[in-house]
Every structure is written in C-alpha cells, then in structure tokens.
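Participant: Sequences are here, hints too, so could you generate the full structure?
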Amino acid sequence: GQQVMQIPQYQHVQEGEDFTTYCNSSTTLSNIQWYKQRPGGHPVFLIQLVKSGEVKKQKRLTFQFGEAKKNSSLHITATQTTDVGTYFCAVGGYNKLIFGAGTRLAVHP
Amino acid sequence: KAGVTQTPRYLIKTRGQQVTLSCSPISGHRSVSWYQQTPGQGLQFLFEYFSETQRNKGNFPGRFSGRQFSNSRSEMNVSTLELGDSALYLCASSAKTGFSSGANVLTFGAGSRLTVL
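Line order of the protein sequences matches chains A and B. Be aware that the first sequence starts at 1, since it is given in the working numbering, and climbs by one per residue. Be aware that the second sequence starts at 110, since it is given in the working numbering, and climbs by one per residue.
Hint data in this document are derived by calculation from the structure and do not stem from the laboratory. Accuracy of the hints is not assured; some may be wrong.
Which stretches of chain B does chain A cover? Using the computed rule of at least three CB atoms under 8 Å from a CB of chain A, they are [as the list claims (entries may be wrong)]:
hint: 1; segment: 137-151
hint: 2; segment: 155-164
hint: 3; segment: 213-220
Ideal Cβ positions, reconstructed from N, Cα and C, are used throughout, including at glycine.
Facilitator: As structure tokens, then:
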C-alpha cells in the first residue's frame, strides 16, 4: 500500500532557529496534506498541496511540493515556543489518508 | 459551528471487555474516518464511512468494527480488548471526498483515550 517516509523523527531547536521536516514517497502523489498536533491535542489541518512544484506560505511556515510530486517539505522560519508539536504529512486521497510518522519539534527558549 | 465531538474522552477497560466509542461529525459532513494513534505505530487508519457505508478499511483485525447512522454520527466498537488496544482513538470528518483540490481534508475530534488493563 501507499507509504510515506517522514524525517527527522525529532528535532530540538533553540527559539529563533529554523526548522524543516521532509516527507518522501516512492510513488507519485496526487496531493499531500500537512497537519500539526500540539502535545496532548489532536491533529489540526495546516495545508494541502496539489500542484507540481507548488509553494505555499502561512506566515512563518513555508510548504513545498516537489516537481515530481514525490516529496514535500515544511519549513518554519525563526521558530517560536508556540510551534512546539508534532508535524505530520498525510497522503492518499479518496476516503483514506496515510500519515507519516511525524516530526516532533521541541523549541527551547 | 461545532467541531467534531467524541465521547467518552477517557475510559479504562480490562482485557476481554468491549468498548464503544462515539463520534458526531461537523454538521453537514458526511464522511467520518477513524484513526488509532499509539506512540509505537503512529496514526493508523481504521475505517471510513460515507452515507452509512464503509468505503475503506485499514489493516486491523475483525475485533474492530464501526458503523455510521443516517445522521452521519458514527460509532466504533472494539471487542475482546487486548493490552495493545490502548491508544488514542481519533475520529475525523470531512466535507468533501474524492480527488479534487481540498478533498479529504480532515477535521479531527479531541479523541477518546482508551486504556486497557
């Protein structure tokens, strides 16, 4: 079945440093979604990427979809303590999403 | 508009018992999915319902079952509980399904945390 590899598993940064998480698939994706789960919380949808080479920004967050639609990244500029949580990519589509293992981000003030 | 509501939020059961979890989707959402989240296995897809029909099922044993009612509310049941069933069970609803842009965007509930002793 469809799988997606997400790296790194864990990232520890100082507040103000940048952070990037990557998702890779061996197959071409129709789209990819990103979710954030705060500690003790539930996943919350961030964004969906559909087009090859697409780049979308949400304030300090930049999402990219690879040209071959097999990889994606989430980059956070100048992390803040509010960015703490686990970031998941999710792939699939019709009525079934497969989630990556997630990247847990710890931000130290 | 109200979000996805899951009940109960926390429950403790013993091995061999069964449990039923409930999910009320966002009003107007007809697709309901269930996920199991554990530290070891991450977020794993259980099943998805649309208009009372199960459209897809994940790789879980038959002890895991679900259903959806005509008002889109959904329940999942786990019978003969095992220690390994301890997890956060998340329900998510979706307004659009298919392959179009914006499809299958999930809104999750807060989850039901099940502990099996």
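Participant: Are the hints correct? Go through all of them and say.
Facilitator: Each hint tested on the structure:
1. 137-151: Since 4 is at least three, the answer is holds.
2. 155-164: Answer holds; 3 residues pass the 8 Å Cβ test.
3. 213-220: This one holds; 8 residues, not fewer than the three required, reach chain A with a Cβ under 8 Å.
Consistency note: the structure conflicts with none of the earlier hints.
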